[in-house]
Amino acid sequence: MEQLRWLPEIMDWRQRLRALATTHGEIWPHAVALANARIDFTRTNALDDVVRRRQIHPPAAATKPVRLAVLGSSTTAHLLPGIRVGGLRRDIFISTYESEYGQYLQALLDTGSALHAFKPSAVLFVFDAQHLTQGLHAALTEDDAASLLAETLARLQNCWSLAREAFGGQIIQQTALDVFPPLLGSNEYRLAGSKSGFLARLNAAIRESAAQYGIDLLAVDEAARLHGIATWHDPALWHRSKQEVTPALSPTYGDMVARLIAAQQGRSRKCLVLDLDNTLWGGVIGDDGLDGIVLGQGSPLGEGFVAVQAYARELARRGIILAVSSKNDEANALEVFDKHPEMLLKRRDIASFRANWDDKAANLRAVADELNIGLDSLVFLDDNPFERNFVRENLPMVAVPEVPDDDPALVPGILAEAGYFESLGITNEDRQRSAQYQENRARNQLRATATDIEGYLRALDMRMIWSRFDKISQQRVVQLINKTNQFNLTTRRHNDADVEGVMADPKSFGLHIRLLDRFGDNGIIAIIIGRMLDDEAVTIDTWLMSCRVLGRQVEPTTLNLIAAQAKALGAKTLIGQYIPTKKNAMVRDHYVKLGFELVCQSPDGGSLARLDLTRFQPAATFIQVTEGADA
Amino acid sequence: MTDDAKIYADLTEIFNDVFMVDDMKLTPSLSAKDVAGWDSFKQIEIMVSVEERFGIKLNTREIDSLKSVGDLARVIAKKKA
Chain A
14 MEQLRWLPEI MDWRQRLRAL ATTHGEIWPH AVALANARID FTRTNALDDV VRRRQIHPPA
74 AATKPVRLAV LGSSTTAHLL PGIRVGGLRR DIFISTYESE YGQYLQALLD TGSALHAFKP
134 SAVLFVFDAQ HLTQGLHAAL TEDDAASLLA ETLARLQNCW SLAREAFGGQ IIQQTALDVF
194 PPLLGSNEYR LAGSKSGFLA RLNAAIRESA AQYGIDLLAV DEAARLHGIA TWHDPALWHR
254 SKQEVTPALS PTYGDMVARL IAAQQGRSRK CLVLDLDNTL WGGVIGDDGL DGIVLGQGSP
314 LGEGFVAVQA YARELARRGI ILAVSSKNDE ANALEVFDKH PEMLLKRRDI ASFRANWDDK
374 AANLRAVADE LNIGLDSLVF LDDNPFERNF VRENLPMVAV PEVPDDDPAL VPGILAEAGY
434 FESLGITNED RQRSAQYQEN RARNQLRATA TDIEGYLRAL DMRMIWSRFD KISQQRVVQL
494 INKTNQFNLT TRRHNDADVE GVMADPKSFG LHIRLLDRFG DNGIIAIIIG RMLDDEAVTI
554 DTWLMSCRVL GRQVEPTTLN LIAAQAKALG AKTLIGQYIP TKKNAMVRDH YVKLGFELVC
614 QSPDGGSLAR LDLTRFQPAA TFIQVTEGAD A
Chain B
745 MTDDAKIYAD LTEIFNDVFM VDDMKLTPSL SAKDVAGWDS FKQIEIMVSV EERFGIKLNT
805 REIDSLKSVG DLARVIAKKK A
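Chains as they are written, first to last, in the numbering used here: chain A, 14 to 644; chain B, 745 to 825.
Next comes chain A alone, as it looks inside the complex (with noise of 0.2 Å):
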């Protein structure tokens, strides 16, 4: 198994990492560079070795760092490298801990221990095949192999829970590796005592409990099932040094962690961007003509193309938006969306469509400019190794795909293997996505029929519902707040534990505001929380808005909402606070524009504001408010 196969191979990687070794300055974007390439398990150590000596730390400010206990039933140590360089490879730094061998519960226990005192924001549970089928064997009846079940699920709900109240954060629990060698063969599933099926239903029990209690898994057994146990684990090295996941595969296993961590971060890629020509058909539509592309049924490579796109349009249907940048005449890529009787992406699937002579770099700008998301959210799926090349180079923050032997059946395989789109679960925002997106295109239609600004939005009959934050939403919310960049005031990352919290203390409040319009609905748009500092003031803890509603007068609205929200407290003052980051300098003068008094700036561009409630006045606006628990 080659690892890491979607990742470029550098060239002169060992003399880069030696230049690493000793230059000075800023090196940390070298060291992301040279994460991501295809490296084996000596080089990831190697790097994160490193990385380590130097003590290379991100600029301030870029992500959030991530404090990871990885606690575990055998040894650990030999991951831990392949987690923190998963970590460098998406830009988020890792720093990890690791319990004393097998003593995981006593540090979990003991609030004196080093574990405590580490503080993780992560906890990564990693227990052995051996160390959860104690008891089990083969004479043992159906009721007491049940019962045992019981007892490991419990065990691993009670560490759950210990993790939870002491830390809060991700909790991540890695799934059971199955390496036991079948006793029955094929019917194994019917010998009650035997540790295979015992660890199948342990997965399948694990998988169940999981979102009741808010863990995220680590699938190594979904992983193992693919590439074959042999690969993932040797049964000498268990015997040689407990180490079940083999060594070997340390960056692979590194890489799924830190796709988890970055999931959490909302660091996921969130659009894939395909090419055109020998991408999503065979041949050169300029060239070959509508019937002279190799597209479906009746040639394997044409079934292959087709099986491309059906894996793309999977993915918009929950929630990755597709976008096309080729260099074409723009008639003529779109004469095969429209006329192609193969053809299983339709036009409306595209929420960004750029066939134009421009290089592919300027058009991936455009996509995610008109997308309103970050060039680093962007997958780009070319078949044209110097199309590859020149956006790595030029965008080294859109992932870009190494495509296996120019093979349209094997595209699929490599996205889905290289995780850009890691996701810890799907909303119904998610879902409805692309339709979102056709109904921005309508909308922009009607404001280029309309003559002025405010015959536009009287005519999009907006609608804002609001509610306090509730169980529904919750996940919506918490993801929301750690995905927002643009447009977000302070990019305070609260997790469930802190959105809870707001729930419940009587002198904060939590809203999430959704708009609709004759278009249809845009979903839950802003997050607010305020929270009462004394008797007399309410500050702004976080105001998120989403960057598709703007110039639609919800910023004033909003404010409407929250100043009424405070004075039900009892505030008589506002505050508003901007806190900068390398994204959010769209919002910094935003206070000031809703009429807030600045009150001081900090040298770095930071700011309070204040506005006298007493005297408020609320906009009129045409969004008509109401509130509503429908989340």
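Simulated from the structure, these hints should not be mistaken for laboratory data. For every residue, glycine included, the Cβ atom is placed at its ideal position computed from N, Cα and C. Take the hints with a grain of salt, since some may be wrong.
[As the list claims (entries may be wrong)] Beta-carbon label-pair distances, calculated as ranges: (1) Asp-783(B) / Gly-426(A): 33 to 41 Å; (2) Met-410(A) / Ala-780(B): 44 to 52 Å; (3) Gln-787(B) / Pro-195(A): 28 to 36 Å; (4) Val-765(B) / Ile-23(A): 18 to 26 Å; (5) Ala-753(B) / Pro-354(A): 54 to 62 Å; (6) Asp-747(B) / Ala-90(A): 29 to 37 Å; (7) His-37(A) / Ala-780(B): 22 to 30 Å; (8) Ala-163(A) / Ser-775(B): 45 to 53 Å; (9) Lys-824(B) / Asp-419(A): 55 to 63 Å.
Starting from the known structure of chain A, arrange chain B on it as the hints suggest.
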């Protein structure tokens, strides 16, 4: 290059990568006590790298019998033969 010299050249590359150096001088008598940082984890890293590089699988007895680089080269030569 003789087979033996080729094995030593490949091993030198592996050792250079594992210990992040450019100038590892491998001799048949070199062993873990002679190299700073050659602990049990590095030992496993070397074994796994050797298995990948030479396309062989070292069994438990063979690994246990290794006392020096010379032993390792001999086992590789025997397996490749």
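Each hint tested on the structure:
1. Asp-783(B) / Gly-426(A): 33 to 41 Å: With a Cβ separation near 38 Å, Asp-783(B) and Gly-426(A) satisfy 33 to 41 Å, so the hint holds.
2. Met-410(A) / Ala-780(B): 44 to 52 Å: Because 39 Å falls outside the window, the suggested range is violated.
3. Gln-787(B) / Pro-195(A): 28 to 36 Å: holds, 32 Å
4. Val-765(B) / Ile-23(A): 18 to 26 Å: Since the Cβ atoms of Val-765(B) and Ile-23(A) sit about 20 Å apart, the hinted range of 18 to 26 Å holds.
5. Ala-753(B) / Pro-354(A): 54 to 62 Å: holds, 59 Å
6. Asp-747(B) / Ala-90(A): 29 to 37 Å: holds, 36 Å
7. His-37(A) / Ala-780(B): 22 to 30 Å: Hint holds: Cβ distance 25 Å, inside 22 to 30 Å.
8. Ala-163(A) / Ser-775(B): 45 to 53 Å: holds, 51 Å
9. Lys-824(B) / Asp-419(A): 55 to 63 Å: violated, 34 Å
In summary, the structure is inconsistent with hints 2, 9 from the numbered list given earlier, while agreeing with the others.
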